[in-house]
Every structure is written in C-alpha cells, then in structure tokens.
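There are 2 protein chains.
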Amino acid sequence: MPERKGLVIVHTGNGKGKTTAALGMAFRALGHGFKILMVQFIKGSWKYGELETAKKFENFELRPMGLGFVSTDGKVSEKDRRAAHEALSFAQARLGNYDMVILDEVIYAIGFGLINENEVLSLIDEKPERLHLVLTGRNAPEKIIARADLVTEMCEIKHPYQKGIKAQKGIEF
Amino acid sequence: MPERKGLVIVHTGNGKGKTTAALGMAFRALGHGFKILMVQFIKGSWKYGELETAKKFENFELRPMGLGFVSTDGKVSEKDRRAAHEALSFAQARLGNYDMVILDEVIYAIGFGLINENEVLSLIDEKPERLHLVLTGRNAPEKIIARADLVTEMCEIKHPYQKGIKAQKGIEF
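One line per chain: the protein sequences are A and B, in this order. For any residue, its number in my numbering is found by taking its place in the first sequence, counting from 1, and adding 19. For any residue, its number in my numbering is found by taking its place in the second sequence, counting from 1, and adding 19.
Keep in mind that the hints were calculated from the coordinates and are not lab data. One or more of the hints may lead you astray.
Identical chains share a label here; the pair holds if one copy fits it or two copies do between them.
Derived pair list, reagent style DSBU-like, types lysine-lysine, alpha-carbon separation capped at 35 Å [to be verified]:
(1) K75 / K94
(2) K24 / K188
(3) K62 / K98
(4) K177 / K94
(5) K66 / K94
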C-alpha cells in the first residue's frame with residue numbers, strides 16, 4: 020500500500036492567489052521535506068520575490084518553461100504551442116521523482132489552445148499514487164474539475180488597480 | 020513621500036487557501052528581504068509544515084496566540100476573548116516594525132465575537148503608509164471589505180473529504 024494518497028488539486032477563478040496559494044502549499048510541504056517541482060507554463064506568472072526565496076530550498080525546483088504568451092487577437096503561435104508541450108512533457112517524464120508537482124498556469128494554457136485538455140488528463144492518469152499534483156489557471160474545464168480531489172475558486176472581489184494604485188513590490192512582483 | 024503604498028489585503032470565503040495564499044505572499048515578500056509578522060488568532064490554522072519552513076527565515080516571525088476556539092454552541096469564553104485581544108494588541112503595537120503583517124483568521128475571530136469589527140478597523144487606520152496588512156478569515160464584514168485594497172474570495176468547489184479521502188501530510192498539515 021502506498022504511504023499516502025496524493026491529491027489532485029486545482030486553483031482556478033479570476034482572482035489573485037492561484038499561483039500564490041500554490042507557493043503557500045510548497046512552503047508547507049517543504050517543511051515536511053517534500054521534493055517539489057514547479058513548472059511555469061505562462062511567462063510572467065512568477066515574480067522576482069519567489070524566485071529569490073526558492074533559492075534557499077534544495078528540494079524546490081522551479082522551471083520557467085513558458086513563453087511570453089499574451090492573447091490579444093486570439094492567435095496562438097506554433098512556438099508558444101511547442102513551448103507548452105515541452106513543459107508538459109518535461110513534467111510528465113519526471114512525475115516519479117517528486118512528492119509534489121505544480122503545473123502553474125497549465126489551465127490557462129489549455130484555455131488558449133496551447134495544449135489540449137486531454138493531454139493534461141493523460142498526465143493526471145499517469146500520476147503516481149503518492150504524488151500531489153497541483154494545477155492552476157482560470158476557467159478550469161469540467162473534466163479536469165471532475166478528476167480533481169480539491170478545487171478552490173479564487174474570485175476577485177476588489178483589486179487595487181480599480182482604485183488606481185500601482186503594482187507594489189513584494190505583492191505583485 | 021513614502022517609498023511604497025502598503026496595501027490592505029483580505030482573503031475571505033469558505034474555501035481552502037486563505038492562510039495558504041497568505042503564506043505564499045510571505046514566500047514572495049521574503050525574497051525582497053521584507054520583515055514579516057504573522058499572528059495566529061485561531062489555534063490550528065497553522066500546520067507543522069509551515070512552522071518548520073518558517074524557521075529558515077530570520078525575517079519571518081510567527082506568533083501563535085489563538086486558543087483552540089471552536090464554536091459548537093455559539094458560546095465564547097472570556098479566556099478566548101482575552102487571547103484574541105492580546106493578539107490584536109500585540110500586532111497593533113508592532114505595526115511599525117515590519118514590512119508586512121498578516122493577521123491570520125482575525126476575520127473569523129470577529130465573526131465569533133472574540134473581537135469587535137471596529138477594533139480591527141482602528142488597527143487598519145493606524146497602519147503605517149508603507150505596511151502591507153493581510154487579514155484572513157471567512158465572512159469578511161462589509162466595512163472591512165470597504166477599507167481593503169485587494170479582496171479575494173476563496174470558494175470551495177470540491178473538497179477531498181466529500182470523497183472520503185483523509186487529511187494528507189504536506190497538504191492539510
């Protein structure tokens with residue numbers, strides 16, 4: 020019998036805190052000596068602050084693999100698509116090496132057609148029993164929610180930009 | 020002019036991730052060399068994992084000051100009320116010593132009548148301009164939301180207990 024039941028965890032919704040709460044989970048799991056891989060699917064979701072802090076932890080591997088994909092006209096370049104697939108394959112090939120794998124903004128990557136929902140479902144199917152798998156990104160598709168054990172929606176109630184306040188060090192970057 | 024505009028940030032809602040996202044903010048802010056105080060208003064909101072990890076950071080001070088308050092019959096003991104007030108006074112007296120102060124489950128403490136909403140509003144009013152203040156807990160009152168710059172609601176969409184899965188190391192504790 021495996022020593023634990025690894026969970027499939029989804030952070031979705033239009034609010035802040037999806038990536039941040041994943042970092043908080045890493046913070047907690049590191050205290051148990053967990054080995055953690057965090058893969059970045061969309062460039063810009065990680066900030067200077069966490070990259071600095073993460074350096075303190077040998078067990079916390081961060082892999083920025085996304086391109087600077089921003090959808091303005093709904094078009095997706097082949098290059099962006101390739102980068103997202105490389106990130107997914109990279110994680111998939113290493114699922115057995117970690118206690119927790121965080122696929123940051125992977126759901127956003129599905130939403131913009133960079134990768135297919137079924138490719139992510141396959142990765143979930145291949146997950147070792149003991150591995151905690153965390154997926155973040157807005158608009159999580161039904162099938163992924165159905166496969167998850169724990170789903171939290173982060174809803175934006177109020178944002179400082181609405182009040183004309185600029186991005187702040189330590190909060191936004 | 021102050022070097023930055025400190026934000027008042029609220030994590031509320033019935034879902035997981037309120038404390039976890041606050042830890043993630045601390046993780047990010049530590050990378051900028053921020054000095055952080057996190058005060059616990061309700062015992063049990065912090066887990067072994069984060070307490071272990073926090074030890075690695077000289078700049079991250081955690082103060083468990085809450086009692087094991089659990090409302091089953093809606094009654095509040097004088098001892099619980101006193102503990103909550105001590106936690107609030109402790110933080111209030113030290114607002115000037117930190118770059119970020121996290122009052123964990125302070126909003127929950129308001130909801131159960133341990134402290135008064137106006138006492139928390141006074142603390143917000145006294146906040147130094149440059150301090151980031153983070154308040155967590157479900158059912159944030161309107162007046163606190165009105166005073167906040169950034170409010171995220173964590174909504175529970177799906178929880179492993181619904182599927183009969185037990186609490187897991189590194190996730191729940």
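Here is how each hint holds up against the structure:
Proximity of K75 to K94 under the C-alpha cut-off of 35 Å is found in neither arrangement, the shortest distances being 39 Å within a copy and 44 Å between copies. In this assembly of identical chains, the alpha carbons of K24 and K188 lie at most 35 Å apart only when taken from different copies (9 Å versus 38 Å within one copy). Taking the closest pair of Cα atoms, K62 and K98 come within 35 Å of each other only inside a single copy of the chain (13 Å); across copies the shortest separation is 49 Å, beyond that limit. Both within a single protomer and between protomers do K177 and K94 lie at most 35 Å apart by alpha-carbon distance, with minima of 30 Å and 33 Å respectively.
In this assembly of identical chains, K66 and K94 lie within 35 Å of each other by CA distance solely inside one copy; the values are 26 Å within and 44 Å between copies.
This entry does not satisfy hint 1, going by the numbered hints stated previously; all others are met.
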